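**Q** For the record, the sequence lines run as chains A and B. Residue 112 in the numbering used here sits at position 112 of the first sequence; the count goes up by one each step and never skips. Residue 1040 in the numbering used here sits at position 40 of the second sequence; the count goes up by one each step and never skips.
None of these hints come from the bench; they were simulated from the model. Remember, it's a predicted structure, so these values are computed and weren't measured experimentally. Possibly wrong hints are sitting among the right ones.
[Stated by the list, open to error] In silico DSBU-like cross-links for lysine-lysine, where the CA-CA straight-line distance does not exceed 30 angstroms:
#, chain 1, residue 1, chain 2, residue 2
1, A, Lys99, B, Lys1011
2, A, Lys52, B, Lys1057
3, A, Lys49, A, Lys68
4, A, Lys99, A, Lys56
5, B, Lys1057, A, Lys99
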Amino acid sequence: GDSVTQMEGPVTLSEEAFLTINCTYTATGYPSLFWYVQYPGEGLQLLLKATKADDKGSNKGFEATYRKETTSFHLEKGSVQVSDSAVYFCALGVNQGGKLIFGQGTELSVKP
Amino acid sequence: DAEITQSPRHKITETGRQVTLACHQTWNHNNMFWYRQDLGHGLRLIHYSYGVQDTNKGEVSDGYSVSRSNTEDLPLTLESAASSQTSVYFCASSTANTEAFFGQGTRLTVV
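One chain only, chain B, in its complex shape (with noise of 0.2 angstroms):
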């Protein structure tokens, strides 16, 4: 079966590190989203790629940074964590015509 699995689940690091968390898809979508999630704010939408080689901007992506060199991973990027960074992330994958189908989530404490 087709999923969306991120890695790790669980991460801890200091801050000031770089920190990069994994998402890989196997749907073949070409859309792919990195959002967090923090209380009482829902899920904000951190960067997005509509495509190889495309990536853009959400809501919330200053610290943040990603790549999209294939169809199935979109690798997010913390250059240099902050407190402000201790979230819970997920990604997400979608075509023009779906809905989108998320992953489990990665838990990042920031200490």
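One chain only, chain A, in its complex shape (with noise of 0.2 angstroms):
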């Protein structure tokens, strides 16, 4: 069946630094992929997202392509700050209308 993989976690970059977050999946058809963030005690929002295979999804300084030759969809930002420091939901969209499937999670933790 359709499953999502993330990198584990939790993952500590200092302030500035370079992030990858690793997502890769397998699905029939071709799924709307998502990076969703959530924050310490709060609801998932929505981050970025793409729709079809070499779309680029991109918000508040992260990117991630959906590359349907590899099945993967890496979150990447070029410099972290402290206020990024929140899990990271990879998630995959089955059919049109919001049912989605999550990978497991990646914490996140920036230092100063």
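Reassemble the complex: the two chains are provided individually, in unrelated frames, and hints are given to aid placement.
**A** Here is the structure:
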């Protein structure tokens, strides 16, 4: 069945370091791909998305490219800030309408 | 502003009791979802609904039920709470063409 695998955390970085969080997926058909972020004590917020192969989603300095050939959707940011500390979830949408399959989440901690 | 609200935010209950978690959205979205979040598992789908009177089982539906009598609400009921159901529960809503919008979550502890 459809599934998402993320790199395990926690990930600890210094401020201004480069961030990569790996995400790979298995799916039949042509899913949409998402990154959600969860700040402490809050619900999930959409960070970025891509709906077809080779699309690049971007928001708040974060980017991810939908790579069909490698079934990947890695999250990157060139220079992280303390305020980026959160849990990041990769997800795929199996059909239109919000039904999502999530990876296990990656906790990011950014130190000043 | 439209929003999605869960209540209560925190709940402690005893094993065997029936518990209902509320979810209310003012987006007028047709689709609503319940997920549970557990360490090491990410979020797993419990039940979902694509409209009034429509409900469907998700990946981890055993011990849970939902009903959809109107567009705005999708309450989640634990028929007989078990310690394995201690978790954080998230409700979400969407249309066919939008991403899912999530509530703030309900932390449920079964003792």
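**Q** Regarding the pair Lys49 of chain A and Lys68 of chain A, is the alpha-carbon distance no greater than 30 angstroms?
**A** holds, 14 angstroms
**Q** Need the status of pair Lys99 of chain A, Lys56 of chain A: alpha-carbon distance at most 30 angstroms?
**A** holds, 21 angstroms
**Q** Hint check: Lys52 of chain A vs Lys1057 of chain B, CA-CA at most 30 angstroms. Holds or violated?
**A** With a Cα-Cα distance of about 27 angstroms, the restraint between Lys52 of chain A and Lys1057 of chain B holds, given a limit of 30 angstroms.
**Q** CA of Lys99 of chain A to CA of Lys1011 of chain B, is that 30 angstroms or under?
**A** This hinted pair holds, its Cα atoms lying about 26 angstroms apart.
**Q** Are the Cα positions of Lys1057 of chain B and Lys99 of chain A separated by 30 angstroms at most?
**A** Since the Cα atoms of Lys1057 of chain B and Lys99 of chain A sit roughly 12 angstroms apart, the hinted pair holds (cutoff 30 angstroms).
The structure fails none of the hints (numbered hints given earlier).
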